[in-house]
Amino acid sequence: MTAIMSWLEWCSNTSTIVFIRDSSFGMPAVQSVHLVGLTVLLAAILVLNLRLAGVTMMDWRLAEVERQLRPWAWVGATLVLASGAVMFLGNPAKYLANPAFQLKMASLALAMLCQFGVFRSFFRSEPGVRPRTANLVVAALSLTFWFAVGWAGRAIAFV
Amino acid sequence: MSLLGWCQWLEQTRLAIAISESVWLFPIIEGSHILALPLSVGMILMFDLRLLGLAFQGGSAARLMSDVLRWSKVGFAIMFLTGGLLFMTQASKAYESVFFRTKLAFILVLGINAALFQIVFYPRMAQWDAGGGTPLGARICGGLSLIVWIGVIICGRTMAYQF
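Chains as they are written, first to last, in our numbering: chain A, 1 to 159; chain B, 160 to 322.
Please keep in mind that the hints were generated in silico from the structure rather than gathered at the bench. Don't be surprised by glycine CBs; every beta carbon is placed ideally from N, CA and C. Some hints here could point you the wrong way.
Reference listing, derived: stretches of chain A covered by chain B, where coverage requires no fewer than 3 residues with Cβ under 8 Å from a Cβ of chain B [stated by the list, open to error]: (1) 3 to 11; (2) 36 to 43; (3) 46 to 53; (4) 90 to 96.
Work out the full structure, taking the sequences as your base and the hints as a guide.
If you want it as structure tokens, here you go:
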């Protein structure tokens, strides 16, 4: 743990991170990238879950919607991860001690575990093979977990 | 009353003071404003990508547009409501902010762009779906929308840093 912490502290003192953290436009720029990434990633997840729930894009098969959205979900994920890492490295100790940040990381783990594990089969086969209720429950849970990441993230600044 | 005077009056209304003084209201309204982004702007971006030929090719553009707009209307209702409430609490600072002014100008440009699309290209969408491809003008509308919406997000986030 101490080795990881000292590596994080070293990262937070690199000239790039210090420059972004301490310049007047650095943090607004990084935060803006984070929000653009959030918009793209969560929009992709939203469309996918609405299609699973059977309330939008009914002229497209679910598997095809997933295939169309996947590259854009990765674009969004790359933007949020890269900008998030820069924010985190600006002050790792502060973030790690922040309960909202801890909740955000726990929510992110849960959302990814469900998206790529527990619920995977729901997004990879057509909704018609299962009862509608099961699709609605999975869509609602998936959206709840992903948006919880956003809410916990917003709370970081307030706690 | 001047515009600035109106902003100062707005900040002193009971509603604005209640939001500012509440521990929970401001974060909840601000959080809702940000997390309505995927439902409002995000949905529009999906259609912009379709116009630019970067997603959902092959399917009906007209169907995608109606699917996307149905949800984004809900998103924009949340956006304007929460945005209006946030503005009330810091109206005179927002009035003086160059980023807020730019954000409003961008939203005006986007409104004109959307109206142009509706008038010029929307009536002919059935023809593209029949296999004509997306006209250049419609692609330009999509590209402009994509870029200017990103500009709105940047201005919105940056103005909050000055407060």
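Quiz item: Where does the structure disagree with the numbered hints, that is, which hint numbers, in rising order?
Solution: Per hint list: 1, 4 violated.
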